[in-house]
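Peer 1: So the sequence lines, in the order shown, correspond to chains D and S.
Reminder that position 3 of the first sequence reads as 49 in my numbering, one-by-one numbering, no gaps.
Reminder that position 8 of the second sequence reads as 39 in my numbering, one-by-one numbering, no gaps.
For the record, the hints were derived by calculation from the structure and aren't laboratory data.
Small disclaimer: the values here were computed from a predicted structure and weren't measured.
Virtual Cβ for every residue (Gly too), placed ideally from N, Cα, C.
One thing to keep in mind: the hints can contain errors.
[To be verified] Keeping only pairs whose Cα atoms sit at most 27 Å apart, straight-line, the calculated DSS-like set for lysine-lysine is:
no.: 1; chain 1: D; residue 1: 153; chain 2: S; residue 2: 88
no.: 2; chain 1: S; residue 1: 88; chain 2: S; residue 2: 114
no.: 3; chain 1: D; residue 1: 153; chain 2: S; residue 2: 40
no.: 4; chain 1: S; residue 1: 45; chain 2: S; residue 2: 102
no.: 5; chain 1: D; residue 1: 102; chain 2: D; residue 2: 114
no.: 6; chain 1: S; residue 1: 102; chain 2: S; residue 2: 88
no.: 7; chain 1: D; residue 1: 123; chain 2: D; residue 2: 153
no.: 8; chain 1: S; residue 1: 102; chain 2: D; residue 2: 153
no.: 9; chain 1: D; residue 1: 106; chain 2: D; residue 2: 123
[To be verified] Example chain S residues on the side facing chain D (calculated, C-beta under 8 Å, incomplete):
no.: 10; residue: 74
no.: 11; residue: 89
no.: 12; residue: 93
no.: 13; residue: 139
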Amino acid sequence: GDSVTQMEGPVTLSEEAFLTINCTYTATGYPSLFWYVQYPGEGLQLLLKATKADDKGSNKGFEATYRKETTSFHLEKGSVQVSDSAVYFCALSHSSGGGADGLTFGKGTHLIIQP
Amino acid sequence: DGGITQSPKYLFRKEGQNVTLSCEQNLNHDAMYWYRQDPGQGLRLIYYSQIVNDFQKGDIAEGYSVSREKKESFPLTVTSAQKNPTAFYLCASSVSGTGTYEQYFGPGTRLTVT
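Just chain D, same shape as in the assembly (with noise of 0.2 Å):
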């Protein structure tokens, strides 16, 4: 089945620093991709999405591209600040219906940004 696999966390970086947050993909057909984050206690947010293959999207300073080459979307932002803190999840449509069939996630990658 589908799945995604991001890179363990927490992630620490000072305030300013350039930041990158793998994220790989297994799945059949052509799936959408996000990026969501999480605040404490909160439910989740989108960042970003690409629908297609070698599309960037781009909110908030932070940025990924649809690889399917590398079956890659890795999230990067030029220089982060400490409201950046949070946890980012990776996900993908089930390619058999679009967005209405559920989101597979990744296990999360907590980010922390020191002043």
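Given chain D's structure and the hints, the job is docking chain S onto it.
Peer 2: The following block gives chain S in isolation, referenced to the frame of chain D:
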């Protein structure tokens, strides 16, 4: 404001009791979902519904039941048959159809069973 509400935020139950978690949305979305989140495990799909009066099992449906009598509501019952019910439960909704649409999440309910 449109959104998804889940209540209560914290719920405590004794082992052997059934408990129902509420999820309501006013986004006019056709599709709704229930996920379970455990530490270090990510989110796992329990049940989903693409339309009123219809729902499908997700990856970990055993010990859970749902109903979808109204478009706005998708309650989840955690039954006494669920062996490890203590978890954080998240409800989500999305537009349905042939495209791929992002899911919008509620704030979650943390269930503790002792």
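Peer 1: Take the hints in turn and mark each one as holding or not.
Peer 2: We went through each hint and held it up to the structure:
1. Between residue 153 (chain D) and residue 88 (chain S) the CA atoms are separated by roughly 21 Å; this keeps the pair inside 27 Å, and the hint holds.
2. For the suggested pair residue 88 (chain S) and residue 114 (chain S), the alpha carbons sit about 17 Å apart, so the restraint of at most 27 Å is met.
3. Between the alpha carbons of residue 153 (chain D) and residue 40 (chain S) the distance comes to roughly 23 Å, so the proposed pair stays at or under 27 Å and holds.
4. Of the supplied pair hints, the one linking residue 45 (chain S) and residue 102 (chain S) is violated, its CA atoms being roughly 31 Å apart against a limit of 27 Å.
5. Restraint check for residue 102 (chain D) and residue 114 (chain D): satisfied, since their Cα atoms lie roughly 12 Å apart, inside the 27 Å limit.
6. This hinted pair checks out: residue 102 (chain S) and residue 88 (chain S) have alpha carbons roughly 18 Å apart, not beyond 27 Å.
7. The suggested pairing of residue 123 (chain D) with residue 153 (chain D) holds, with an alpha-carbon distance near 20 Å, which does not exceed 27 Å.
8. Restraint check for residue 102 (chain S) and residue 153 (chain D): not satisfied, since their Cα atoms lie roughly 30 Å apart, outside the 27 Å limit.
9. Annotation: proposed proximity of residue 106 (chain D) to residue 123 (chain D) holds, straight-line Cα distance about 9 Å (limit 27 Å).
10. Interface hint at residue 74 (chain S): satisfied, since its Cβ lies 4 Å from the closest Cβ of chain D, which is below the 8 Å cut-off.
11. Because the beta carbon of residue 89 (chain S) sits about 6 Å from the nearest beta carbon in chain D, less than 8 Å, this interface hint is met.
12. At about 16 Å, the closest approach between the beta carbon of residue 93 (chain S) and any beta carbon in chain D exceeds 8 Å, and the interface hint on this residue is violated.
13. The restraint placing residue 139 (chain S) at the interface with chain D holds, with a minimum CB-CB distance near 5 Å, inside the 8 Å limit.
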